[in-house]
Amino acid sequence: MHRAPGTLHAALIIARKDLAIELRTRSAFLSVLVFTLLALVTFFFAWDQTAVSAVDLAPGVLWVTFTFAGLLGLHRSFGVESPDRAIDALLVAPIEREAIYLGKALANVAFVSAVLAIAIPALALFYNLPFGRTILMLGPVAVLAAIGLVAVGTLFSAMAVNTRLSELLLPMLSLPFFVPVVMASAQASTRLLAGRPLEEAMPWLRLLAAFDIIFVVACTMAYPFTIEE
Amino acid sequence: MSVSAPVVLASALARTFGTRTAVADVHLSLGAGDCLALFGPNGAGKTTLLRLVAGLLKPSAGSVQVHGVDMRRDARSRGRVGFISHHSMLYPALTVQENVAFAARLQGVADPEGAALRALAAMQVDDRAAAPVRTLSRGLQQRVSVARATVHGPDVVLLDEPYTGLDAAGAEALTEMLRAMQAAGATLVLVTHHVDEGLAVATRAAVMREGRLERVEDRPAAGFDVARYTSEYRALVRHA
Chain A
1 MHRAPGTLHA
11 ALIIARKDLA
21 IELRTRSAFL
31 SVLVFTLLAL
41 VTFFFAWDQT
51 AVSAVDLAPG
61 VLWVTFTFAG
71 LLGLHRSFGV
81 ESPDRAIDAL
91 LVAPIEREAI
101 YLGKALANVA
111 FVSAVLAIAI
121 PALALFYNLP
131 FGRTILMLGP
141 VAVLAAIGLV
151 AVGTLFSAMA
161 VNTRLSELLL
171 PMLSLPFFVP
181 VVMASAQAST
191 RLLAGRPLEE
201 AMPWLRLLAA
211 FDIIFVVACT
221 MAYPFTIEE
Chain B
1 MSVSAPVVLA
11 SALARTFGTR
21 TAVADVHLSL
31 GAGDCLALFG
41 PNGAGKTTLL
51 RLVAGLLKPS
61 AGSVQVHGVD
71 MRRDARSRGR
81 VGFISHHSML
91 YPALTVQENV
101 AFAARLQGVA
111 DPEGAALRAL
121 AAMQVDDRAA
131 APVRTLSRGL
141 QQRVSVARAT
151 VHGPDVVLLD
161 EPYTGLDAAG
171 AEALTEMLRA
181 MQAAGATLVL
191 VTHHVDEGLA
201 VATRAAVMRE
211 GRLERVEDRP
221 AAGFDVARYT
231 SEYRALVRHA
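Keeping their order, the protein sequence lines are chains A and B.
At position 52 of the first sequence (counting the first as 1) the number is 52 in my numbering, and the numbers step up by one without a gap.
At position 14 of the second sequence (counting the first as 1) the number is 14 in my numbering, and the numbers step up by one without a gap.
Looking at chain A on its own, in the form it has when it is part of the complex:
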C-alpha cells in the first residue's frame, strides 16, 4: 500500500486538477467575467452622478456583482464531478472527505480571486476612482470576502449538485449566508475608499475574518455529511 497524501496535500492535488480543467475549458471563467463586466457597465449607465458619489456607489455595485458572479462560478465546482460520476473516484480514494471540500474551496478561491483581479481595476476605470488606491484598499477586503463566499458556496454546491433544481437551489441556500459577507465588504470598502481612518473599517474587517474562520471550519466539518448516501 502506498503512503496516501495528507488532507492538505490531497486538497492541493484536487485544487490543481480543478484549475487545470478550468484552464483547459475556460467556460466558467469567461462567462463569469463577461457577466461581471456587463453588470458593472449596466450599473454605470443606471448611475445618476448628481445624486450619489462614485465612492458611495462603487462598493455596493462591486459586491452585489461579485456575489452573483460567484454563484455562477460555484455552480460548476461540483458540476465537473457529475457527468461521469468522477466524485465516486474521489470518495474511494484513501483521503479524508474533508480534503475534497478543501480542494474544491481552494480552487474556487483562486477562481473568484482571478475574477476580482479584473473586476476591481474595471470598477476603478468605470467609476473614475484612483486606480492604485482602489486596488490597494479593496484587495485585502476582496481576499476576505472571497474566502467567506467560497466557504459557504462550495458546501451548498456539493449539496445542490445532485438535485433536479440545482441552479435554483444553490442561490436559494447561499444568498442568506452571503448577506454578512456583502454587508461587511461594502461597509469596509466604502470607508477605505473615502479615505477614512483604518480603525473605522476594522470592525467590518474583523467581522469578515470571523465569518471566514467560522464558516471554513464549520463547512469543512459538515461536508462529509452532505455526501452520505
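These are computed hints drawn from the structure, not numbers from a lab.
Just so it is clear, the structure is predicted and the values come from calculations on it, not from any experiment.
Glycine residues also receive a C-beta, built at the ideal position from the N, C-alpha and C atoms.
None of the hints are false.
Partner residues aside, some chain A positions facing chain B, computed with beta carbon under 10 Å:
{"#": "1", "residue": "H2"}
{"#": "2", "residue": "A4"}
{"#": "3", "residue": "A10"}
{"#": "4", "residue": "I14"}
{"#": "5", "residue": "K17"}
{"#": "6", "residue": "T25"}
{"#": "7", "residue": "E81"}
{"#": "8", "residue": "I87"}
{"#": "9", "residue": "V92"}
With chain A fixed as given, assemble chain B onto it according to the hints.
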C-alpha cells in the same frame, strides 16, 4: 478458495432506499486470490452491493469489512481497493495521462506519471496518453477507467460491468489483467451480465435476485461448465 483470513467480509448486509430493499441479508467471505463473479438481472442489487463493499453507501443493517476494517471509517484502507464502474469516473477535459496520474497522486504513488503510463500500457491505450478523454470512444474510455482504478496496484478490485463497451482486444486485455492480479493474490468482485467472461476468471459464482445472493457456487476442479451454467442462469432469471 482461500482458507486464510477473509479479505472481504460482509455480514447480514442490507440496504434499503425508502421502502425498496436493494440488498437484503447478504453474507460474503472472500480470501486473497478469490474472484466472485456476480450475475443477475437489472435491478437485482448487484451495483448496490458493490457500492456497499466499496464504502460508497452506508449499510442500512449489517456490516462490510475489507482487510478487517470498515472502509467508510478508515480512509487509508481505501488505498487497497480499486473500483471500476460502468461510469468512466474520468474528467473529459483532461488528457488520458492526466486523469490516471491524478488518481495515482491521490493514492500516493511515488512516480504518478510513470505509473500512469504503465497502467495505460497494460490496457493497451498508452498510445492515446496525450489525447483528451472527451475525444475517445466509449470503449477506449473504459480501458482508461480500468487503468485509473488499478494504477496503484490494489489488492481488492471491485468491478461493475467492466466489459461494457470494450472490443475483443480490450476485453482480452482486461481478462489478462484480472488473471494477473488474481495470481498476485488480489481479491476480485466482478459484476457482469457476460456469463462466459465472468466465469473465465471466477473462483466463485453467484446469482443475485431481489437483493439476495442465490446459487453461490465454488469453481469445480475442472472449471465451470459455461454452457450448463449459462442455461441454468437464464432459466433462473426467466423465472424471477
